[in-house]
Amino acid sequence: MPELPEVETIKRELAPHVVGRTFASVTICDDKPIKQPEPERFCQNLAGQRIDRLERRGKYLIFHLSSGQALIVHLRMTGALLLNPRDPNHARVIFHFDDSSQLAFTDRRRLGAIWLAEDAKAVTRKLGPEPLEAHFTTEILAKLLQKRQAPIKAVLLDQSLIAGIGNMYADEALFLARIHPLRQANSLSHQEVQELYQAIRQVLQKAIDSKGASIDTYKRPGGATGAAHQDFHVAHQKGKPCPKCFTPIERLPIRNRGSYFCPRCQAI
DNA sequence: CCCGGAACCTGAAGGC
DNA sequence: TGCCTTCAGGTTCCGG
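Using this note's numbering, you'd call the opening residue of the first sequence number 1330 and step up by one each time.
I should point out that these hints are in silico values taken from the structure, not numbers from a laboratory. All values derive from a computational prediction rather than experimental measurement. Where hints are given, some of them may not hold.
What the hints assert, rightly or not - Here are the simulated lysine-lysine pairs, PhoX-like style, with alpha carbons at most 20 Å apart: (1) K1340 / K1450; (2) K1472 / K1455; (3) K1548 / K1535; (4) K1450 / K1364.
Sequences and hints are given; from them, build the entire structure.
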């Protein structure tokens, strides 16, 4: 499932192929992902626009266009952006460029979303800080957690507090920081907050270096998988021995999401 | 505002 | 073999 490292990988690998290119036309096979404007206007507005720059904000991918408008894509669970695929499975929208190359938005479960907006902030304004940027500090994380009584796992998934962390990397960060996912966010000691801060940054950066985790349907624009899931300690590892203490990894539903953790390294 | 649960969605996987 | 149920989790909405 595309989280920050996956979307960052897609941005980096897509940019050299699409920046500077102009949309010739757009084929909408399924209206559902097109959130704004109406599908007809969506296609009309996009045609003739050049892509100036790509940006990632949280799990959103933003195409900055020559008109000043922004094309914004959220892949949700099973979305993918594939360059010139041979036979795209579950193709929902196909972007045709002026040099006859194509970018296909595919999405098995149809939860993904696409906007064409005057300003990307209209879509992304509720997001919290970028966890890998310099202005995200231990102190900022501490302040966010201070006010929250919810389980730390649920808090890490709240995009309005920190942008880009999803289920897999929340579990990995909590394991590295040795914090039980059900701990109340405001109960963490300063030491624990510091370790969690380091763990979040380390887990996300390492996953970007490995080009994302191919759990389920995640694919890079060229169709290749990522390798980050090979480094997972607990995420999706139920029953396997903890890499540190060999205790079997457990799975616990928190807010309807599977939380994987080591009951010994992450004692409550 | 904060918190938790349901809904959206569909293919894969597992039980009987 | 085949039908049925359950599960996956990113976001949004709703009720307490």
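Checked hints:
For the hint pairing K1340 with K1450, the CA-to-CA distance comes to about 18 Å; that is within 20 Å, so the pair holds. With a C-alpha separation of about 18 Å, the suggested pair K1472 and K1455 falls inside the 20 Å cut-off, and the hint holds. Taking the CA atoms of K1548 and K1535, the gap is near 18 Å; set against the 20 Å cutoff, the hint holds. For the hint linking K1450 to K1364, the alpha-carbon distance of about 15 Å falls within 20 Å, and the restraint holds.
Every hint, counting from the list given before, is met by this structure.
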